[in-house]
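Those sequence lines, one after another, are chains A and B. Numbers 1 to 74, taken from our numbering, label the letters of the first sequence in order. Numbers 1 to 159, taken from our numbering, label the letters of the second sequence in order.
A couple of the hints might just be wrong.
Partner residues are not named here, just some residues of chain B that face chain A (Cβ under 10 Å, in silico) [unchecked claim]: (1) L25; (2) G85; (3) P136.
Below 27 Å or equal to it, Euclidean Cα-Cα: the simulated DSSO-like pairs (lysine-lysine) are [said to hold, decoys possible]: (4) K59/B / K10/A; (5) K26/A / K5/B; (6) K19/A / K97/B.
Please keep in mind that the hints were generated in silico from the structure rather than gathered at the bench. Glycine included, each C-beta is placed from N, C-alpha and C at the ideal position.
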Amino acid sequence: MSVKKLDITKEHCPMTCVKAKIELDKLKPGDRLEVLLTEGEPLEMVPKTAIDQGYRVIETSPAGGKNHKVIIEK
Amino acid sequence: MSINKKLSIISFSGNFDKTIAVFTLATGAAAVGYEVNLFFTFWGLNTIKLKKGRSALGKGILDRVFNVLMGGFKNLPLSRLNFLGISPRLMTHMMRKNNVATLPELVEAAKTLNVNFYACEMAMHILGLKKEDLIPEVKEVLGVAKFLEKAEGGEVLFI
């Protein structure tokens with residue numbers, strides 16, 4: 001199992017979801033992606049679409065200021 | 001689990017700003033699990049020509065002149081305030097400065113996300129274009145009937 005980190009706090013639509021999707025596609029079963037993202041659309045949509053596509057959201061936690069950390073597992 | 005979602009976009013205008021809209025929608029939709037079909041026709045074909053600049057594609061003199069005038073991916077004009085092609089460059093600079101994905105970056109993302117690229121058979125025939133004149137990501141050259149078949153059951157946009 002590997003854990004990869006992705007920071008999309010500086011990205012804007014549509015690259016927030018695009019970068020998350022590209023990295024999620026690279027995961028093997030059991031691998032995790034730790035995504036640092038901002039509140040609003042990224043926080044609402046990245047975990048939701050990951051679940052829609054069959055991934056598991058392990059954790060969502062505040063990461064200071066407007067940032068949040070979301071851990072997604074394949 | 002995801003339900004089967006589909007977005008099909010007809011890229012007609014070939015304008016720089018409208019093509020940004022095409023690829024923003026395409027990549028955003030693909031990122032959230034949509035199947036995405038892009039159908040390039042008329043001016044939209046400039047986006048997917050293999051040669052990015054102005055080139056004399058086609059057989060006859062009219063084909064060649066017209067393709068030079070139409071240009072390629074690097075010559076897409078802004079739909080308003082184009083100022084002889086200066087504005088698209090200025091806009092790309094502004095996008096980069098504001099950390100927003102530029103048009104080439106969006107096109108690359110669309111390829112990575114397996115967005116389906118299709119080209120219009122009729123428009124290509126008029127312009128004397130062959131499939132080899134287009135980027136290799138173009139899966140098929142289609143007519144209306146086949147495009148509608150691929151778009152069936154999803155949302156369709158004309159840009």
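Verification of the hints:
| no. | hint | in the structure |
| --- | --- | --- |
| 1 | L25 | holds, 8 Å |
| 2 | G85 | violated, 25 Å |
| 3 | P136 | violated, 20 Å |
| 4 | K59/B / K10/A | violated, 47 Å |
| 5 | K26/A / K5/B | holds, 22 Å |
| 6 | K19/A / K97/B | holds, 19 Å |
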